[in-house]
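Asks: Assemble the whole structure, with the sequences as input and the hints as a guide.
If you read the sequences in order, they're chains F and U.
Residues in the first sequence are numbered from 1 upward in steps of one, following our numbering.
Residues in the second sequence are numbered from 1 upward in steps of one, following our numbering.
In short, the hints are calculated from the structure, not lab data.
Built from N, CA and C at the ideal position, the CB exists for glycine as well.
Accuracy of the hints is not assured; some may be wrong.
30 Å max Cα-Cα, derived BS3-like pairs, lysine-lysine [stated by the list, open to error]:
| hint | chain 1 | residue 1 | chain 2 | residue 2 |
| --- | --- | --- | --- | --- |
| 1 | U | K108 | F | K19 |
| 2 | F | K174 | U | K147 |
| 3 | U | K10 | F | K175 |
| 4 | F | K316 | U | K92 |
| 5 | U | K275 | F | K20 |
| 6 | F | K19 | U | K275 |
| 7 | F | K175 | U | K92 |
| 8 | F | K174 | U | K275 |
| 9 | U | K92 | F | K174 |
| 10 | U | K146 | F | K174 |
| 11 | U | K39 | F | K112 |
| 12 | U | K108 | U | K10 |
| 13 | F | K20 | U | K39 |
| 14 | U | K39 | F | K322 |
| 15 | U | K281 | F | K19 |
| 16 | U | K294 | F | K19 |
| 17 | F | K316 | U | K10 |
| 18 | F | K441 | U | K10 |
Not close to chain F: a few residues of chain U, all C-beta gaps over 10 Å, as computed [what the hints assert, rightly or not]:
| hint | residue |
| --- | --- |
| 19 | P63 |
| 20 | A76 |
| 21 | G89 |
| 22 | T94 |
| 23 | F215 |
| 24 | I240 |
For each label pair, taking beta carbons as the anchor points, the in silico distance ranges come out as [claimed, not checked]:
| hint | chain 1 | residue 1 | chain 2 | residue 2 | range |
| --- | --- | --- | --- | --- | --- |
| 25 | U | S134 | F | L233 | 26 to 36 Å |
| 26 | U | E56 | F | V75 | 34 to 44 Å |
| 27 | U | Q198 | F | K260 | 45 to 55 Å |
| 28 | U | D159 | F | S252 | 49 to 59 Å |
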Amino acid sequence: MLGFSHRSLANFLFWVTQKKWFLITMMVGIILMLLPIPGGLTLEGYRIIIIVITALMLIVTEPISLPAIAIYILVMEVYFGIGSANDIAKSFMNDAVFFIMGSLMLAVAIIKQGWDTRIALGIIKITGNKTANIAFGFTAISAILSSFIGEHTVAAIMLPIGMTLIHFTSENDKKVQNLSAVLLFSIAYGCLVGSIGTPSGGGRNVIMIDYLRSSNLSISYIDWMIRIYPLVLIQIPIVSWVLIKSFPPEYSQLDSGVRKLVIQVAKSAELTGRNTVAAFIFLLVFLGWIFFSETIGLGTIALTGVLMYLVGGFVKWEDLNKNTHWGVILLFGSTISLGANIKATGAAEWLAGSVVSFVGPILNALPFLGDLMVTIMTTVMANVLSSSATVAVLGPITMNIGSDPLHMGLVTAIASAFGYFTAVAAPACTIVYSSGMVKAKDFLKVGWKMGLLSILLLVIYANTYWLFFS
Amino acid sequence: MKILIAVGSKEYSGPTLRVGMKVSHAFKASTTIVDVGEKVSSFNTKVVGLAQDRMESWNFNRPGVEVLEWAFEFLAEKKFIEPKAIEAGFPKNTLVDTGGNRSEVYLKGTVFDEVSLILRNGEIISELRDEVQSHQYDVTIIGGSKKRRMAHDLIQYIDSSIFIVNNYNPDQSYKILLAVDDSMATSKAVQYGARVAQAFDIDVDILTISKIESFGEGYKNAANRAAKFLRRCGIQHQNIYKVGNPSDVIKEIAGDNHIIVMGTSTRSPLKKFFKGSKPLKVMENCQCPILIVK
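Replies: Take a look at the structure:
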């Protein structure tokens with residue numbers, strides 16, 4: 001046909017089937033372009049909304065790679081006249097992007113130190129042999145560590161500990177299905193509930209701090225912890241309880257598993273001076289975040305840690321380069337650019353105004369419903385998108401709902417961690433899912449319970465405990 | 001000759017591997033066994049990789065390695081690989097990352113020179129298509145799937161002959177059902193059918209189907225040429241002439257005790273995309289193994 005060989009036609013058809021969501025997205029974009037601009041919205045505002053809708057469709061369906069989506073956002077922002085080429089380029093990079101970059105690199109450096117054996121020993125010493133206590137220990141340690149280091153690092157460190165304990169309890173996977181679910185979900189959900197605890201717990205927290213700062217609202221590392229850390233502590237036993245009830249473990253005691261684990265850990269290499277220095281460097285980074293993040297920025301401090309690990313020879317650049325997902329960093333840069341431009345073009349205010357005009361009277365009568373609405377919206381989006389991208393795009397809009405941008409900003413950042421429902425919602429969930437010991441349907445089975453409890457808890461928490469800060 | 005055998009798990013891929021290696025043996029083909037693992041969310045590929053590195057330091061295999069290990073044990077049991085390699089055991093440390101979500105172990109074969117075990121991650125059709133295109137396989141052997149889309153995509157987009165090991169029962173005695181017509185693909189289908197018949201040491205039914213009452217010269221010649229070729233190869237055969245709808249007739253005759261061998265459709269890819277094709281209909285209808293020769 002038209003001189004095309006059967007092979008080239010087959011290649012073209014394959015391309016169409018692989019890229020169908022890209023073609024559908026482009027058609028949606030063109031249709032939106034042809035529609036009249038809604039009243040009260042500028043041309044640039046309308047165009048940035050079109051870019052947001054199409055970019056979100058691309059991120060969810062992924063017909064093209066993540067870096068390609070980032071480039072799509074970049075070029076569309078320039079072609080649509082949202083800003084000059086230089087302005088758009090600048091909007092791609094800020095301290096939050098530095099933080100995400102630094103956090104991914106720190107993960108590589110930290111995971112390579114092999115701290116998992118010490119952590120394993122620590123958990124077992126505290127919890128003993130009882131399954132329920134061990135599950136609580138896994139949740140608590142995952143939550144506390146991930147509140148400072150970042151969930152992906154903690155999940156990668158904790159997974160082999162959990163897997164070893166399961167494997168040592170029984171080599172037949174079918175005999176330890178529930179035990180596997182309890183321990184592995186303790187890691188994943190522990191990481192999720194912990195990641196809200198401090199600004200360094202996740203890139204999304206830093207993105208929100210950046211948005212708050214641009215609205216002249218400052219929140220320090222300690223302030224963040226004072227407001228949010230109690231919620232982490234409340235959620236830890238809830239996670240443990242929900243998991244034990246949802247997946248009653250086959251063994252109430254893990255005597256043999258624990259004994260074998262202790263022997264295995266004892267056989268591993270002794271703690272070296274080098275390990276201690278590596279831990280000390282991280283301690284310095286942590287202290288830097290607490291005391292200097294407001295002046296220097298969380299991202300710069302994270303990168304300082306990376307620099308120290310590189311200079312000290314604790315990690316090679318080749319390893320960092322190989323294990324850092326540059327495409328994800330580029331994509332987060334682009335979503336942050338989208339967020340900044342939603343705000344700059346007035347689209348954020350218009351979108352928030354539209355929501356408020358729709359539900360305004362109800363919100364005035366029952367202010368907590370605003371929190372509930374934002375929490376549900378953010379949770380849904382975080383489960384199909386990514387938590388950081390959700391905050392980057394939704395943040396500027398939700399901050400304009402209600403009268404307190406700080407309150408709504410924090411609610412958005414916290415709700416973005418409720419990625420309990422799918423294996424792809426959060427790095428920690430994907431990591432435990434990659435073990436092959438938990439199934440995709442298990443996430444839904446227990447996720448809806450955790451999701452419901454977390455949403456309700458957040459709404460109650462934000463409308464009671466936070467009243468002390470207003 | 002290069003053959004690609006796609007396996008997925010110890011539980012379900014036994015027949016595929018058994019049939020695949022029999023066919024490879026008959027063709028004396030370089031053989032690659034591939035396991036295509038689930039696609040990892042693009043956001044998390046690197047962190048999952050880091051976690052798996054850590055798991056390996058605790059002596060846990062990364063997903064897919066145990067499938068390759070099982071395939072290795074099968075090859076060792078059937079003595080398809082050199083005794084030295086068998087003695088050394090599954091060489092998971094030599095699983096080399098060849099880029100693009102693909103890792104490979106090379107083994108020295110006994111019947112054929114090369115045997116490779118490959119791990120890939122991603123969407124199955126894309127990965128198989130990429131593997132076949134970049135390494136020029138002649139036949140891809142894969143287990144059956146209930147998904148209609150899967151069957152369509154395999155036939156439409158994989159650039160090699162496709163052998164779908166559908167409901168293969170090792171205790172059942174099979175015959176080859178060689179469907180012939182006057183199309184270009186028939187002569188290659190006859191050659192492949194003969195090889196498979198030799199591999200399994202079974203008879204061949206040569207089936208010629210006409211939609212009208214009379215059989216044209218082209219059809220008769222194709223059937224006669226096939227019979228002549230099989231006679232030369234020393235394979236027992238019989239010619240069957242039937243009138244009716246090809247896919248219905250093939251289904252009726254094939255039952256569950258035939259391995260169907262037929263040429264690919266010569267329709268344009270566009271027509272196949274929208275209207276389907278004879279091999280696709282046969283694949284959807286029949287509950288037995290089927291080799292579609294391209």
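Asks: Now look at each hint and say whether the structure bears it out.
Replies: Hint check:
no. : hint                        : in the structure
1   : U/K108 - F/K19              : violated, 40 Å
2   : F/K174 - U/K147             : holds, 27 Å
3   : U/K10 - F/K175              : holds, 18 Å
4   : F/K316 - U/K92              : holds, 25 Å
5   : U/K275 - F/K20              : holds, 19 Å
6   : F/K19 - U/K275              : holds, 21 Å
7   : F/K175 - U/K92              : holds, 27 Å
8   : F/K174 - U/K275             : violated, 45 Å
9   : U/K92 - F/K174              : holds, 25 Å
10  : U/K146 - F/K174             : holds, 26 Å
11  : U/K39 - F/K112              : holds, 25 Å
12  : U/K108 - U/K10              : holds, 23 Å
13  : F/K20 - U/K39               : holds, 18 Å
14  : U/K39 - F/K322              : holds, 19 Å
15  : U/K281 - F/K19              : holds, 26 Å
16  : U/K294 - F/K19              : holds, 26 Å
17  : F/K316 - U/K10              : violated, 39 Å
18  : F/K441 - U/K10              : holds, 22 Å
19  : P63                         : violated, 5 Å
20  : A76                         : holds, 22 Å
21  : G89                         : holds, 18 Å
22  : T94                         : holds, 20 Å
23  : F215                        : holds, 28 Å
24  : I240                        : holds, 30 Å
25  : U/S134 - F/L233: 26 to 36 Å : violated, 53 Å
26  : U/E56 - F/V75: 34 to 44 Å   : holds, 40 Å
27  : U/Q198 - F/K260: 45 to 55 Å : holds, 52 Å
28  : U/D159 - F/S252: 49 to 59 Å : holds, 56 Å
Violated hints, listed in ascending order, are 1, 8, 17, 19, 25; each of the other numbered hints is respected by the structure.
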